[in-house]
Amino acid sequence: MTSSAANSVMIEARGVEKWYANGYHALRGVNLSVRQGEVVVIMGPSGSGKSTFIRTFNALEDFQKGSIVVDGMPLSNDLRNIDAIRREVGMVFQQFNLFPHLTVLENLTLAPTLVRKRSKVEVEREALELLERVNIREQAHKYPGQLSGGQQQRVAIARSLCMEPRVMLFDEPTSALDPEMVQEVLEVMQELAREGMTMVVVTHEVRFARQVAHRIVLMADGLVVEEAPPEQFFNNPQHERSRQFLSQIA
Amino acid sequence: MTSTPQAPLARLRRELFATPLDGLITLGLVGFLLAVAAALLRWVFFQAEWAVIQANTTLFAVGRYPIEQQWRLWLLTTLLAAATGLSWGLLRGPSRRWPVNDQLAAGILIVLAVVGSWALKLAPAIQLRWCGIAALMLAVRWAAGRWGHTWPMGLRRLVPLIWPLLYLLGMVLISGGLGLMQVPPSEWGGLLLTLLEASFAILLCFPLGILLALGRRSDLPLLRWGSVVYIEFIRGAPLITLLFLGQNILGFLLPGGLAPDRVWRAAWVLTFFAAAYVAEAVRSGLAALPAGQLEAARSLGLPMHQALIHVVLPQALRIALPATVGQFITLLQDTTLLSLIGLLDLLGTARTVMANPEFLGKNAEVYLVLAVLFWCCCAALGLGSRALESRLNPLTTAKA
Amino acid sequence: MPSPAVTPWWRNRRLMPWLVQGITGLVVLVVVAFLVGNLVRNLTNAGLLLSWSWLHNPAGFDLSETLLPYNAALPYWRALLAGLVNTLRVVAAGLVGATVLGTLIGVSAFSSNGLLRRLGRAYVELIRNIPLLLQLVFWYFVVFLALPGGEQAIQLPGLVLAKSGLYLGRPELVNGVWQGQLRLTVEFGALLTGLVIYTAAFIAEVVRGGVASVPAGQWEAARSLGLTPLQTLQRIVLPQALRVIVPGLNSQYISLAKNSSLAVACGYTDLYSVAETTLNQTGRAVEVVLILLGSYLVIDLLISAVMNGVNAWVQIKER
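Chains as they are written, first to last, in this note's numbering: chain A, 1 to 250; chain B, 1 to 400; chain C, 1 to 319.
Some hints could be false.
[As the list claims (entries may be wrong)] Partial selection, computed: residues in chain B whose CB lies under 8 Å from chain C: (1) GLU15; (2) ILE25; (3) ILE240; (4) LEU340; (5) ALA371; (6) CYS378; (7) ALA379.
Keep in mind the hints are simulated off the structure, nothing from the lab. Think of the CB as a built atom: it goes at the ideal place given N, C-alpha and C, for glycine as much as any other residue.
Just chain A, with the same shape it has in the complex (with noise of 0.2 Å):
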């Protein structure tokens, strides 16, 4: 669980500032660098920005001050840019966002067969691997519609992972399960830590937490209060807002 100082800078986030249309200041001015192989978890109470904040690394949302570089690709308005970072970056929602209209094995392989123009045949191959690495194999066939939560959500992380990112954001991935099948999900996301994969993942899941990152990040009111790694943050939180948030949440 040590992060090498000798691996590359992933995501290089400074003086991110955002205001929505209704002049709401979201972000005010967030800084985060997230290395090669780093496990970051973001917490923070509601509103505090945290979601908007990741959404920004694959500009799901826009932010009007500061900059972004992902893989050392600057995050501006060149569309080329956007679409690269994009082929690099995966992402887990809460909601799953699944293709109801498609099986779980064309969930997979749309988007390589579309924009890395592969063969279908290969994909299919490599998508049958993902899903049974997330234990899910035999409902390839199968629709979104038919599966659990537990079960729509490890597809969609293997859906992410078809297309070979080299940075994976989860956004309150386990938020919207029942809790009997949350441990399912985190055990995945964990198993994937373990083989090195950089994540950037907003949650309430303390033992996760503890357990798997490398780096706990604590945000309110659209910025960065406390970075400590997890013994440090839970065991001894150097901020006021932080006790304050650990109070609220053990």
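Starting from the known structure of chain A, arrange chains B and C on it as the hints suggest.
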């Protein structure tokens, strides 16, 4: 101790005679219905003079289409029957016995072909042809149902393309070209013209409506306001005024007063008219789709046009299907307005037939037959739409 | 950190929308300019350039019926106005009739009587699948024009249906001809009947959908309080259903107003029919079409404004 003969009686009792008031209403309605039915049947079989239909079947069917070229229409009809059977069979899939609705439809088809062509006093050769065409449709439907599911998925996905292709082929067969003699639009009439105008408008208004719906929801102000202005302008105008506009002003809009044939002018007006309504139906389909679907597609790296084609539109169109088909049915009915601008569609032909002194005053017979014809076509479209819906339903759309 | 390279314009996300709109706008402008240019040129050649002075010329044609005093020597604008009034007349009567009939049929879907329910359903399915124009010509040619005259006219309490017209109140038979104060032409009668019967089918569906949207719990609660089905409908369900019904009614009312333009098939001189005659006589296509479109647009806006007001009133009641 309830024996089977009792149960339906008990249900009848409950449904119709639950309270004294209900009983009275039932008796009154039954009496009324019987009286109406008796009067109607008496009129149909004894008083009505059906010669007006029987003497003019060709006129009603194809207008003044040259007789020696009518084989082209027979060819088209046969191809259409086969294509319908194919789509129908593939839609229903394999089953030992056909669903009740299918059996009903098949029964009606047979009755129409056999009894209908006899009642219309068609020449025996023609009666045989109609029976043959009906038999072909049912045979293809059976074959497609039985073996269609063994075809590779790619082939099955291509089948809907038959319809636009058939449409193009039909246009050549009807109007001429490719070595066939030209038959000008002024000689098209009756059911041929009605179906032609309706199918042209239906085929073209669909993509146009989708574009308008996408424009309506676009972030770009020009596209959005342009779509809004178009849709609201069309929806505020009665169709007859737009047809009127098309017939009278179109000539002024083109250089030298050139204008396409009246038939095509009307077809384009119908298309632009229906597109606005289809746009509204597709728009509610798009609005019902959760935003997360587009986000997921984009975050996977899919460019906008691919996200729309593969993720958004397939789902939105499924949701919008009932309303859209409703618009198509309305479009079919709206073709009757062509008779008010002097075109000889089914209704227009009917009126010229009734202007003939020999058939003066036979309005009731003609209008009844037309009403039955339209009712059957529209009801069939409605049933087809419901069958399509239930077929697409297992692939339930994303829940918000 | 590397300085951002200059983004070429064809890949620039900020520029794209403006580019697309600019090109679209340009194309539309060019097409419109072309069409309008032709229009002006062709109209000038025909001596028909846009002007409104011809509206003051004498019309030279009669109207088969009109509420306002009118004769052939009066100017065109008087004829068009009379046509407009005729349209408003039949639309107003049609809205009332269709609403009443449509509500009755829509509500019949919830009757305890199975036959009544099925008849209501059959009515809707029958009427919806037959074109309105066909129904109108049927009512006019087959029913109303075939009404018997004189003594054999259909005499109902308060209403006499005869070949010469529909008489309300207490008409008298004078020398084989009916006379009465409130007389409607058979053309009006046929158009009104056709519009009412057709639109009622659609209003029935709107009402049915609205009532069905009220949760079953409301019915159960009312029943457990001892209310009869009719009372429940009236006092509990309908007020809540109205919230869903009113917007649906709005579009049906607008539809009826537009459908009234088919009056020409019944020989009723509504706005469209007068406009058509005017066009045939003057050749002033552009102006006539503008008048038509403008008038129907105003009628639609009026109906929508009133219905939005009703909508707001229906909402407030719930607060």
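### Task
Against the earlier hints, flag every one the structure doesn't satisfy and list their numbers going up.
none
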